[in-house]
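Protein chains: 2
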Amino acid sequence: MDAILTAVPFIGIAGFVFALVTYFLVIRYPEGNEKMRAIAEKIHIGAMVFLKQEYKIIAVFMAIVVIAIAALLKNPWTAVAYLSGGICSMLAGYVGMLAATRANVRTTQAAKDGGTPLALSVAFNGGSVMGMCVAALGVVGLGFFFLFTKKDPGTAPIIINGFAMGASSIALFARVGGGIYTKSADVGSDLVGKVEAGIPEDDPRNPGVIADNVGDNVGDTAGMGADLFESYVGAVVAAMAIGATMPDTLKVMSLPIFYITIGLIASAIGILSMGILKKLNPQSALRYATYVSGVIFIISGLICTKLLMGSLNHYWSVIAGLVAGALIGVESEYFTSGSPVKKIAHASTSGPAGVVISGIATGFMSTLMPIITICVATAISYYFSGLYGIAIAAVGMLATVGIVMSTDSYGPISDNAGGIAEMSGAGPEIRKITDKLDSLGNTTAAIGKGFAIGSAALTALALFSAFQQTVSTVMGKPMSIDLTSAKVVIGLFIGGTMPFVITALTMEAVGRSANRLVEEIRRQFREIKGLLEGTAEPQIDKCVEIATKGALREMIIPGVLALMAPLIVGFGLGPKALGGFLAGATVVGVLLGIMMCNVGGAWDNAKKWIEEGNLGGKKSDAHKAAVVGDTIGDPFKDTSGPSMNILIKLMSVVALVFAPVIAKFFM
Amino acid sequence: MDAILTAVPFIGIAGFVFALVTYFLVIRYPEGNEKMRAIAEKIHIGAMVFLKQEYKIIAVFMAIVVIAIAALLKNPWTAVAYLSGGICSMLAGYVGMLAATRANVRTTQAAKDGGTPLALSVAFNGGSVMGMCVAALGVVGLGFFFLFTKKDPGTAPIIINGFAMGASSIALFARVGGGIYTKSADVGSDLVGKVEAGIPEDDPRNPGVIADNVGDNVGDTAGMGADLFESYVGAVVAAMAIGATMPDTLKVMSLPIFYITIGLIASAIGILSMGILKKLNPQSALRYATYVSGVIFIISGLICTKLLMGSLNHYWSVIAGLVAGALIGVESEYFTSGSPVKKIAHASTSGPAGVVISGIATGFMSTLMPIITICVATAISYYFSGLYGIAIAAVGMLATVGIVMSTDSYGPISDNAGGIAEMSGAGPEIRKITDKLDSLGNTTAAIGKGFAIGSAALTALALFSAFQQTVSTVMGKPMSIDLTSAKVVIGLFIGGTMPFVITALTMEAVGRSANRLVEEIRRQFREIKGLLEGTAEPQIDKCVEIATKGALREMIIPGVLALMAPLIVGFGLGPKALGGFLAGATVVGVLLGIMMCNVGGAWDNAKKWIEEGNLGGKKSDAHKAAVVGDTIGDPFKDTSGPSMNILIKLMSVVALVFAPVIAKFFM
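Here the protein sequences come in this chain order: A and B. Just so we're on the same page, this note's numbering is the position in the first sequence counted from 1, plus 1196. Just so we're on the same page, this note's numbering is the position in the second sequence counted from 1, plus 1196.
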C-alpha cells in the first residue's frame, strides 16, 4: 500500500501535465481574424486583471490567517498546509481561466472552420483544462500531505485540515467576489445598453460589454472551479479526519485518497473519449463522456475497496453519494427547464408580480426533492459506515469532479464564443452554432449548480461530522450536540440566520456595484460623441476596472463575517453551541441555496421560452414581465445562491481546523 | 392555593362577560345612515358566511382527529380537551368577528359625530371584544382542565395538551384559510378594479370590494385571534407539561395559570383606561393603554411569584419574555416603517426588479435582530429556570394578550371604517379621520405581526422542550436529540424543508384563488350593463362565495400536510428524528416568517411613501414599480408569513400530544 500511496502525488502531477498539454493543444488552434483576436484579448486581459487584483487581496487575507493559525494552533505545518491549499486552488483557477479565455475565440473560429463538432471539441477541451486542474491539484496536495503525515495518522488531520481551509478561503473570494462581478457587469450593461440605449446584447458599442463577458469567466469558470475544488478537498479531509479516529486507521484514511486518484484517471479517460464522441450531437456527447468516467470509476472503485478493505460497506456509501449527485443535477434540470418554467412563463401574462410570486413558490417547492435525496444518501451511507460513511458519500459524489467540471466550464466558453461572434460581426450561421452550444451550456450550468449545492451539502455534513469526532477525541469522551440544551438551540438559531444575512449582504452588493457601472456607462454614452452611432470606441477598460474594484470591495464584509462567525460562537459559547450553529447554517444554507439557484434558472428560461415566440414573444407584455423575473434572478442564481455553497463549507472547515483549540478552551 | 385555583375559571368567565358587555356597549352606538348600514350588513354577512363554512369543514376535521386521539392515546379526556380547545378558539373568533363587523360602521359614524377621540374609542372597544375573548377563554379552559386533573398532576398534561392541540387546529384553518381569503380577495379586486377598470380602491362599483373588506376581518381579526390564542394556550400548556416533571409539581404547574389570570385582569384594566386615554392622540392612547396593563402585570406578577415560589427565579424568565415580545414588535416596526422603507422606495426608481431585490435583501437582513432577541430571552430564562424557563418566558410574553390583541384588532376595524366611509360617500373630512386611524392601524399591525411570530417562536421552543420532557418521562431516561446522530440530522433537514413547502403551497393557493375571482369580476364588468357607469349593482355575493370556497378548498392540502408530517416522521423515524424535525422546522419557519412579514410590510409602506408625493408620487414610474413590490408582498405578509407561526406551533403541539405513544412505540 505504501508504494501506491507514494505514487499518488505523481499521478496527480501527471493529471496536471495532462491539463497543461490540453491547454497547449487548445492554443495551437487558430484564433480567427484580427477583430476577433482584439475582442478576445480584451476579455482575456480583463479576466486576468480581475484574478490578479483578487489574488492580491487574498494574499493579505491569507497572511493574516496564517498568523492566526500559527498563533492559535501552535502548529506551523497547518499553516503550511493552509497556504498550499490556497495556492493549489489559485493555480487551478489561474490555469483554468487562462485556458477558458483562450478557448472562447478559438471556439468561434472552430465553428467557422468545422461546424458544431469542431466547436464543441475546442470548447470542451478548453473547459477540461479547468476540470483536470481542479482534480489533479487536489490529488497532488492531499496525496503529498498524507504521505508527509502518515507516520502519525492520529494527528495527521490537524495538519491536513489546513489544506481544506486554504481551499475554502480562495473559494470564498472567488465565488462571492466573482459572483458580484459577473452580476453587476451583466445587470449594469444590460440596464443601460438594452433598456436605455436600445442596443442588442453583446453589442460592441456598449462600454460594459467586455466587462460582461469577463464576468462569465470570472463567475462561472473561476468561481465554480474554486467552489468544486473546495467541496472535493473538504470531503476528502472530512473522511480522513473521521478515519483518524477509527480502527484500521491507515486504511480508512487512505481510502478517500485512492478514490479521488481513481476518479482523476477516470476523468482523464472520459475527456479523451470526447475525441470520438464529438461526432454525436453535443448533448449526447457530453452525457456519454460523463458516463464513461462514471462507469470506469464505479468498476475500479469496487476493485479498490475489495482489495483494500475486504468488506464492501464503504463502497456502497460511495455509490450512494455518486447517485445522489447525479439525481440532484437532474432535479435542478427539471425545475429550471421542465414544466415549472412554463408555469412561470404563463404567470408572466398577469404582470411582473405574477412572475415573481410564481417563481418564488416554484423555488421554495424545488427544495423538497434534493433534500430528500440528500437525506436518503445520508441514511444509506450512515447505515453502511457510520459518520465516516457520510464523508465517503461526499467523496463518491466528487471523485469524478474532473469530468463534471469540464462539462460545466464548457458552458461559459461557448457563451463567450457567442459574444465574440456577435461583436466581431460573424454571420448568422456561426451565431447559430454558438447559440446551440450556449443553450446546451445553460443546461449543463443548471446541472452543475445543482451538483455544486448538493456536494456542498454533503461536504458540509461530512465536515460537521469530522468536527464532532475531533472535539470528542480532544475531550477524551464523545461530544453530544444535544438539542435539549439551550446553548445548542441558540447556536442553531444564530447559525440559521447566517445564510439570511449573507444573502442580504451579497444581494445589496450586486445592486451597489451595478449602479456604479450604470453611471459610468451612462456617462460614456453621454460624453463620447459618436459612440451610439458606432463611429467612436467605448472606454471598456474603465468599466472592467469599476466592476473589478466594486466586486473586490464588496466581498470583504461577507467574507470576514463568514470566517469570524464560527470562531465567535465557538470561543464565546463553546463547541456544543458551535455544533448547533453549523447544523443551523447548513440546513438553512442548503435550502436557500437550492431555492435561489433554481428560481434564478427558471426565471431565465421562462424569459427565453417567451423569446422563442410563445405567449406573444419578444416585446409582448408577458416578455416584459419575464424580463423583470430574469433580472431579479440574476443575483439569486449567480451571486447569493452559489455563495451559500461556500458559506456552509467554509464555516464548517473553520470549525474543524480550530476544533482542537476550542475544545481545549472549554475543558 | 386551592381556593385561588378554584376561582381561576370564574375569573375567566368574568373576563368573558366583560367582553360581552363591551360588545353590547358597542352595538348600542348608532350605525349611521341607510347606505352605511347596507354596506356594513354585507360585510358582516360575508364574514359570518365564511366563518360558518370554515367551521363546518373544521367540524369534520376535528371529528377525524378526535377519533385518532381516542384510538392512539386511549384517553377520552384528551379528546374532550381537544374539542374544548377548538370550541374556545372558535367561540373567541366568532364573538370577536361579530364585534369587529359591527364596530366598523359605528366607527365611521363616530367619526362623524365626535371626531377622532370618539372614533378611536369605538374602534378600540370593538377590537377589545376579540382581545378579551381570547384572553378570557384561555383562562377558563386551562383553569378548568387543571382543576379537573390536578389530583394527579404527573399525568395531567396528557389531557391538557389536547386543549392546546384543539386551539392549534383552529388556528391552522383560521390563519391559512383566512390568509388565502384575504389576499385572493384583495389581489383579485385590485387587479381588475384598479388596474384594468381604472376605478379607485373601495369603489362600490367593484364587485369584489365587499369580499376585500370581508377579507380584512377574516384574515386580520379572526386569523390573528386564533394565532395568538394558540400561542397563549400553547405556552401555558408547555410550561405545565414541563412543570409536571419537576419537584414542587403543583406549584410550578399553577404558576403559568396564575400569570395568565393576572394578565387577564391587567388587560381589562388597560382596556378600561382607554376611557380616559382616548383624549390623547390615538398613537399615545394605544401605547399608554398597553403600558397600564404591562405595569400592573409586572408588579402583581412579582408579588404572585414571591408568594407562591419564594424565589424570584421564574419571575425573571417572565420578564425576559415580556421584554423580548416588546422588542420584537419594535424591531418589526423599524423594518416596516423606518429607514429601510425609504431605501426600498429609492430602489423603485430603477424599476420593479430593483424594488424586489432591495426588498428581499431587507427582509433577509431583518431576521437578525429578532433572532438575537429570541436567543437572549431563551438564554436568560434557561439560566434562571431551565427548560421550564423557556416556557415561562413564552407565558410572560403572552400573558397580557388581552390588551395586545385589542390594539391589534383595532386596525382592521379602522380599515373597514375607511372602506365604508368611501363606499357610502362620506365627506373627505370623515375619510381623513378614518385614514389617520387606519394608518396607525398599519403600525399596530406591523407590531402585532412581529409579536405574533416572536411569540410563536418562543411557544414552539417551549412546546419542543415539553416534548423532550414528556418523551424522557415515558422512556424513564433523559432523551437526547443529538445532532451527532444521522437520524436527528435527517429529521432536521426534513423539518427545515416543511416551511419552504408550505410557503410554496400557500403562495400558489393565493394565486389560483385570486385568478378565479379575477375571472368573475371581469365577467361582471363585461356582462352587467351599466356597472362601470354606476347605474347597475354588482353581484357581490357571488364574489364572496368564490373567495370563500376558494380559500377553504386551498387550505386543506397544507393543513393536512402540517398535521401529518410530525406523525409520519415520529412513527417512521422515532422520537429523536422527530425532535430534529421540530428544531429544523422551528428555525426555518421563524426565519422565513419574520422575513416574509417584514418585507411585505416594507413594500406596502414604500408604496405608500411614494404615494405621499415622494420620488414623483402617484402614477410615476417609481410608483408603478412600488406597486409591483406591494402586490408580491401581499401573500408574503398576510398568507405565507403568518402561516409559519401556525406551522411551527401546530407541528410541535402534535408531537407533544402524541409523544407518549411515539415514545412507547420505540421502546
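Incorrect hints may appear among the rest.
Same chains, same names: a pair is fine if it fits in one copy or spans any two.
[Stated by the list, open to error] Under the rule of at most 25 Å between Cα atoms (straight-line distance), these lysine to any residue pairs were calculated in the SDA-like manner:
#1 K1248 x Y1290
#2 K1632 x L1727
#3 K1390 x D1817
#4 K1772 x L1564
#5 K1772 x Q1735
#6 K1820 x A1393
#7 K1238 x P1349
Keep in mind the hints are simulated off the structure, nothing from the lab.
Hints versus structure:
Taking the closest pair of Cα atoms, K1248 and Y1290 come within 25 Å of each other only inside a single copy of the chain (9 Å); across copies the shortest separation is 68 Å, beyond that limit. For the homomeric pair K1632 and L1727, neither the shortest alpha-carbon distance inside one copy (31 Å) nor that between copies (53 Å) is at most 25 Å. When the C-alpha separation of K1390 and D1817 is checked against a cutoff of 25 Å, the pair qualifies both within a copy, at 16 Å, and between copies, at 18 Å. Proximity of K1772 and L1564 under a CA criterion of 25 Å is satisfied inter-copy only: 21 Å between copies versus 28 Å inside one chain copy.
In this assembly of identical chains, the alpha carbons of K1772 and Q1735 never lie at most 25 Å apart, being 55 Å within a copy and 62 Å across copies at closest. Proximity of K1820 to A1393 under the C-alpha cut-off of 25 Å is found in both arrangements, the shortest distances being 16 Å within a copy and 21 Å between copies. Taking identical chains as interchangeable, the C-alpha atoms of K1238 and P1349 are never at most 25 Å apart, the minima being 49 Å within one chain and 79 Å between chains.
Violated hints for the displayed structure, listed by number in ascending order: 2, 5 and 7.
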